[in-house]
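Keeping their order, the protein sequence lines are chains A and B. Read in order, the letters of the first sequence are residues 1 to 86 in our numbering. Read in order, the letters of the second sequence are residues 1 to 518 in our numbering.
It is worth saying that the hints were derived from the structure and are not from the lab. Even for Gly, the Cβ is constructed at its ideal location relative to N, Cα and C. Incorrect hints may appear among the rest.
Partner residues aside, some chain A positions facing chain B, computed with beta carbon under 10 Å [what the hints assert, rightly or not]:
(1) 11
(2) 15
(3) 16
(4) 20
(5) 21
(6) 33
(7) 40
(8) 43
(9) 48
(10) 57
(11) 61
(12) 64
(13) 67
(14) 71
(15) 77
Result set (DSS-like, lysine-lysine): computed pairs, CA atoms no more than 30 Å apart in a straight line [claimed, not checked]:
(16) B:224 with A:50
(17) B:343 with B:283
(18) B:227 with B:343
(19) B:283 with A:36
(20) A:50 with B:283
Here are a few chain B residues that sit away from chain A, every Cβ distance over 10 Å (derived from the structure) [what the hints assert, rightly or not]:
(21) 13
(22) 38
(23) 395
(24) 407
(25) 462
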Amino acid sequence: MTKISVKVCVGTTCFVMGGSDLMELKDIIPARYKDKVELSGIPCLELCSKQGEFSQAPYVTVDDEIITQATVDKVLTAIDNKLGEQ
Amino acid sequence: MKNAGQAIHIKKEVLVRIIKAFLSDNFEEQARLIPFAIRPKGMEVPYRCCIYKERAIIKDRTIAGLGFQIEEDDETVSLSTYAKKALERKEIDDKNLTVLQAACKGCLTNRIYVTDLCQGCIARPCQTACKFGAITVINGKSIIDEEKCKKCQMCVKVCPYNAIVKITVPCEDSCPVGAIKKDETGFASIDYSKCINCGRCIASCPFGAVHEKSQIIDILKAIKSDKKVIAMIAPSIAGQFPGNIYQLKTAIIQAGFDDVYEVAQGADITATNEAKEFSERMKEVQAKNNEWIDAWVNEGGYAESEQEEKADEKQEEEKKTFMTTSCCAGYNQLVKKHLQDIKPYVSDTKTPLYYTAEIVKKEHPEAVTVFVSPCVAKRAEGFDNENVDYVMNYEELGALFVAKKIEIMSCDETKYVTESSKQARCFGYSGGVADSVKSALRDEKSVKPFVINGLNKESIRQLKQFAAKNECEDGCNLIEVMCCEGGCIGGNASLNNQKTAKKLIDTLASNSEDIPKI
Ligand code: FES
């Protein structure tokens with residue numbers, strides 16, 4: 001089974017647009033999914049730079065799925081769905 | 001007090017777009033287009049009845065962002081005109097909050113309401129419980145007479161079906177001083193003579209209807225001019241952005257400011273002065289007590305003459321057994337508008353912003369000063385202080401970073417000319433101010449702090465009581481008052497959750513020197 005890769009944007013745009021709460025994922029994900037999920041923080045996922053795209057920040061990616069206006073719940077649901085598919 | 005969710009997201013989006021419009025080569029036109037950029041043709045309507053209403057509401061939010069009172073808009077003036085007026089504006093006014101009344105519609109007025117769950121039971125505990133005779137049963141259902149109802153909620157408590165509910169208006173409920181009310185027309189409005197600018201209503205409204213009136217355009221104008229513009233950042237900012245405060249300084253300079261001062265620098269002066277004032281005040285109390293004991297011993301415990309007694313009583317009145325801090329702008333407004341009785345107990349020491357702005361203006365008399373703040377109350381303080389030209393909050397600074405695409409984490413570090421102490425850097429969270437006063441004193445044990453962590457109806461009552469009795473609880477002698485729960489890190493414009501914010505501040509503090517003792 002391949003690990004699911006979750007990348008949380010910790011860039012300024014994502015942080016300002018509401019990403020600060022996503023830092024909770026650092027505690028939640030390892031506890032909940034053990035080694036099934038690999039979590040990393042990326043300084044800027046480069047998704048915010050296109051015209052107007054800042055408005056969809058904060059961003060998180062779960063494998064190749066992009067989660068816009070990400071919240072802890074949205075991310076966890078996306079992971080659960082991915083695990084269900086596997 | 002961070003207001004999460006969509007309401008705040010859209011407020012920030014509007015701010016970013018206003019800044020981008022200002023930075024573009026056609027501000028007026030770009031400002032006009034903001035509602036269309038956020039809700040373009042064909043977009044699914046996320047919240048309201050139709051896209052036109054959504055745009056109308058975004059227009060209102062933009063009006064606040066451009067620095068105007070939404071209530072005064074008559075809907076005929078276009079955003080491009082507002083943008084133009086903002087460019088021409090020379091002065092700002094002292095109304096810091098504005099209500100987007102069109103968003104108030106979704107909210108019912110405050111009352112007690114009997115729902116359909118009412119079974120029309122025979123016992124009718126609601127009727128018996130109501131001391132005001134406000135409940136009658138008509139057609140097998142309890143009905144509340146609004147005129148008689150005092151909203152005591154006794155009926156709510158006794159109904160076995162949980163059929164009676166209290167409908168609350170979140171802004172009204174959250175306001176500690178009853179300054180915001182939904183009137184007969186169903187719109188909320190603010191009574192500025194009562195408002196202490198605590199920002200609770202901003203955070204509590206689920207429709208995001210209460211806006212801070214932004215000065216961002218005025219600040220951008222100053223940056224664009226050839227004037228020197230200096231940012232003064234509040235201590236709580238250390239927990240509000242990615243990166244450390246040295247990288248933040250670089251980022252703020254990249255955003256267009258000429259220099260950055262830590263307001264913690266002023267907090268060091270506040271703490272030192274407050275410590276001096278505290279020990280003087282307490283010495284007086286001590287002296288008074290000793291005098292009394294001396295007199296008592298010398299006179300063998302005989303009663304004093306009536307005249308002497310009177311004179312003594314008068315003096316007694318002047319000796320206050322406790323002192324309160326004075327750095328919180330919301331608290332200072334509360335004292336001024338609602339709690340005159342506690343005034344003699346409030347320290348005469350000035351706020352960290354006061355001392356910082358004084359230093360900056362002395363060093364750079366020609367500069368425009370901008371205080372970067374976590375809360376709306378500091379706008380009021382800034383307005384009253386001639387050394388503070390403008391105030392911007394963390395959301396607005398954040399929006400400026402977003403609009404200019406500044407990545408704080410990749411900025412180099414820039415040092416501050418004056419490094420602040422560990423204690424001053426902790427001014428932004430509950431307990432930090434009292435702790436700094438204590439640390440500045442040689443005899444730390446002489447301070448017995450009492451912390452008011454957030455002003456609400458209950459803590460205001462408590463303060464009133466302390467003033468009336470000239471006595472604090474448990475023999476405490478230093479009351480630290482912070483208007484927001486958690487302190488400034490709980491300010492209405494904070495970007496981070498309190499736990500992480502506090503951790504970040506503590507990290508910075510642990511690498512800072514202790515405050516010198518007086
Ligand atoms: S800051 Fe998150 S994608 Fe750029």
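Hints, verified against the model:
1. 11: holds, 6 Å
2. 15: holds, 5 Å
3. 16: Nearest chain B Cβ about 3 Å off; hint holds.
4. 20: holds, 4 Å
5. 21: holds, 6 Å
6. 33: violated, 22 Å
7. 40: violated, 14 Å
8. 43: Holds - the Cβ of residue 43 of chain A comes within 10 Å of chain B, reaching about 5 Å at its closest.
9. 48: Holds, about 8 Å.
10. 57: Holds - the Cβ of residue 57 of chain A comes within 10 Å of chain B, reaching about 8 Å at its closest.
11. 61: violated, 18 Å
12. 64: violated, 24 Å
13. 67: violated, 14 Å
14. 71: It holds, given that the least Cβ distance between residue 71 of chain A and chain B is near 9 Å, below 10 Å.
15. 77: With Cβ-Cβ at 17 Å, over 10 Å, it is violated.
16. B:224 with A:50: With a Cα-Cα distance of about 25 Å, the restraint between residue 224 of chain B and residue 50 of chain A holds, given a limit of 30 Å.
17. B:343 with B:283: Between residue 343 of chain B and residue 283 of chain B the Cα gap is close to 19 Å, so the pair holds against 30 Å.
18. B:227 with B:343: Distance of about 39 Å is beyond 30 Å: violated.
19. B:283 with A:36: Violated. Residue 283 of chain B to residue 36 of chain A sits at ~65 Å, over the 30 Å cutoff.
20. A:50 with B:283: Distance ~64 Å between residue 50 of chain A and residue 283 of chain B Cα, so the pair is violated.
21. 13: violated, 5 Å
22. 38: Check fails; 7 Å does not lie beyond 10 Å.
23. 395: violated, 8 Å
24. 407: Check fails; 5 Å does not lie beyond 10 Å.
25. 462: holds, 32 Å
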